[in-house]
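Novice: Protein sequence lines, in the order shown, are assigned to chains A and B. This note's numbering applies: residue 1 is where the first sequence begins, and numbers increase by one. This note's numbering applies: residue 405 is where the second sequence begins, and numbers increase by one.
What the hints contain is simulated information worked out from the structure, not anything from laboratory work. Hints may be right or wrong, so weigh each one.
[Unchecked claim] Negatives, chain A to chain B, calculated, CB over 12 Å: (1) R42; (2) V60; (3) V113; (4) R160; (5) R399.
[Said to hold, decoys possible] Derived lysine to aspartate or glutamate pairs resembling DMTMM-like cross-links, with alpha carbons at most 25 Å apart: (6) B:K678 / A:D401; (7) B:K678 / A:E271; (8) B:K678 / A:E38; (9) B:K468 / B:E442; (10) B:K448 / A:E235.
[As the list claims (entries may be wrong)] Every beta carbon over 10 Å from chain A, so not counted as near; a handful from chain B, in silico: (11) S608; (12) W653; (13) V732.
None of the values given here were measured: they were computed from a predicted structure. Virtual Cβ for every residue (Gly too), placed ideally from N, Cα, C.
Number of protein chains: 2
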Amino acid sequence: MFVLAASTPGVLPPGLLSLGQLLASLLVIYIASKLGGELALRLKQPAVLGELVAGLAVGVSGLKLIDPAQPVLLLLAQVGVTLLLFEIGLESELRGLLKLGVQATATALVGMVVPFVLGYGVMKATGAAELVAVFVGASSTATSIGISARVLSELGYLRRTEGQIILGAAVLDDILGVVILSVVASIAAGGSLEWTGVARIVVSSLLFLVGAIVIGNRFMPFFLAIVRRLRTRGELLTASLVFAFALAWLAEQLGSAAIIGAFAAGLVLCETDKRHDLEAQLRPVTDFFLPIFFITVGAGVNLALLADRQALLLALALSALAVVGKLVCGWAAIGVKADKLVIGAGMVPRGEVGLVFASVGLATGVLSGANHTAVVIMVILTTFFGPLLLGALLRRQKRSDLAA
Amino acid sequence: MFVLAASTPGVLPPGLLSLGQLLASLLVIYIASKLGGELALRLKQPAVLGELVAGLAVGVSGLKLIDPAQPVLLLLAQVGVTLLLFEIGLESELRGLLKLGVQATATALVGMVVPFVLGYGVMKATGAAELVAVFVGASSTATSIGISARVLSELGYLRRTEGQIILGAAVLDDILGVVILSVVASIAAGGSLEWTGVARIVVSSLLFLVGAIVIGNRFMPFFLAIVRRLRTRGELLTASLVFAFALAWLAEQLGSAAIIGAFAAGLVLCETDKRHDLEAQLRPVTDFFLPIFFITVGAGVNLALLADRQALLLALALSALAVVGKLVCGWAAIGVKADKLVIGAGMVPRGEVGLVFASVGLATGVLSGANHTAVVIMVILTTFFGPLLLGALLRRQKRSDLAA
């Protein structure tokens, strides 16, 4: 009967959902995500690709059962990605990541510079203004850590060399992406570029990541002692969520991204003996939230954009270069035995990060019309093509492993 | 970096939270709920009582770290109660509930009539208007199923005779509560009482409950066959959530309450061999959401209300009668060997259901000033006193069981 609280007298403020509306949305999301995921597996594709397509089918370009701009759903989707990165951190291995740190850094840097130059170049070649070319180039640098991490985790490649390099590079890409976005946004707003501000964000983000892991590791014995003394239900999960959400919140306050903090928390907890218990308890919570993310990303895809011929041509050119630009970055991972193409493929999807660039470009007035549409289509195409390519490459590698 | 989507250009619509704000709220909620719950256990009290007190400490009457009227938090709290009732249904036993159906029905009816008469009587004695007396009486009939169910589950009494009667009676109370609220609200709005409308809600709610269980049981082999064929992660949890949310949504559409549907879904699934697997996966999800409910209920308590002497006196009278009115209803459970006082104590907390009555009374203008304050204080006092009494009685019973 509690539900009446929402449906009685007052009308809901705009953007909010009643319990009934939320339940209906979750029903659509869960059914679509299972149908899409299961179908994709039968077609030997990553489940996440099926979920994205299912989102497309129930979203603005399809049945319109889900409003991908619904703020409460977007908020819950963000919680889902935060939990995913916590889980990915928990499944990772800090030593492995550190050992491949040089390769990951090189991959991240090459994977940002090359797509930037290619995107910038093609826009200049079409006669676009300097600022537009910079913005399109910047949009091309993004990497969606969530989508590739899901594919790697799904196919059991998270702890292999390629997986660790992709993960490390994607995390660095996210840290640097926040910086790039603030730089281009401030240039777009007519402000001058303040290198001290840029340096501050880079340094504080990197210091946070290192500090969180070092201090977190010191804090762990104390944390585990507390957990052992708790007697109420859900003690391990709740205490771990407090740890993860505290780091996520702190990362955001420092100008970095919440998912970086959640990932760091996972890396710290993965070194403890509670790791497997926590993984088992965290999975159902992630399973509750994460489909909201993948379905809303798919649901936001507007296929009507493809009707604009000029934008479509530009988008295809940008997409091809965006794929090539990330694929080559795998070869920056020198000095290790790894499938360079797999690494590059893992960096291809722009996902939600690319969409943020596009929306900031639109909001600041730098991107409009065909240019904005082209960037959005590029993001969509790379987001779908990335998991497709990565899945195919990993299956091929598995087959050759079996044959060997 | 996804988090930027919320913090870039547009300002959040009123009532919405950014990811950072939500994480900060969850941190406060989890820390408060664990501190309160653990402290309560050390004091040999139910954990839920400690969570309510902790909510009070961080809410409007304390540190003001949590806004109990925040719409997103209220929505997530409702999801928490829905999941709790799903879990409680899963832990229950349909046959046990049916076997005690007569006793539960008698308990529910006596537990509504006596508090109504007492509340109505005391208001008439103070010279209140007829409509005010009716509303206060109606507010006294509420039972918070969530709070007592948590205490019963915590102390392992859910499947004992007393627990099953409390649960059955509280579910019926919820069904009838929706009806009573719509009746008093329509009278308050100056409308005439339409018995056909009332009958329609009663019949459709009861038919829904019976139908959901009967049809649900028939549907189960088909459901389990689907679950067995799913290969993506979280298949059992997601499929079960779809089943539970579908029934919850349907119940709400039929004019009943979402939690009734979730409870019915739990009852159906508890008959399957997947029950224990599902329980293990559902618990972490409930642990994520449920503290939001108990902390916000506690956080909404405004102790400043107690400064109004007239309201306080009236509130104390109403509270005493509200406790007595529910305590006697245990003796309506005739023909079974059970601790009648325990049953009555389980029906005492008005919780969130009582607050809904008070808020509708305020919104329709029937309750105001001292009367509204008195009803709210009565709800608060019974909500805290119920778990206290039930916990004490159950511990006493456990001790005498051990001694015997």
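Novice: For each hint, tell me whether it holds in the structure or not.
Specialist: Hints and how they fare:
{"no.": "1", "hint": "R42", "verdict": "violated, 9 Å"}
{"no.": "2", "hint": "V60", "verdict": "holds, 17 Å"}
{"no.": "3", "hint": "V113", "verdict": "holds, 18 Å"}
{"no.": "4", "hint": "R160", "verdict": "holds, 19 Å"}
{"no.": "5", "hint": "R399", "verdict": "holds, 19 Å"}
{"no.": "6", "hint": "B:K678 / A:D401", "verdict": "violated, 37 Å"}
{"no.": "7", "hint": "B:K678 / A:E271", "verdict": "violated, 32 Å"}
{"no.": "8", "hint": "B:K678 / A:E38", "verdict": "holds, 21 Å"}
{"no.": "9", "hint": "B:K468 / B:E442", "verdict": "holds, 21 Å"}
{"no.": "10", "hint": "B:K448 / A:E235", "verdict": "holds, 18 Å"}
{"no.": "11", "hint": "S608", "verdict": "holds, 15 Å"}
{"no.": "12", "hint": "W653", "verdict": "violated, 4 Å"}
{"no.": "13", "hint": "V732", "verdict": "holds, 23 Å"}
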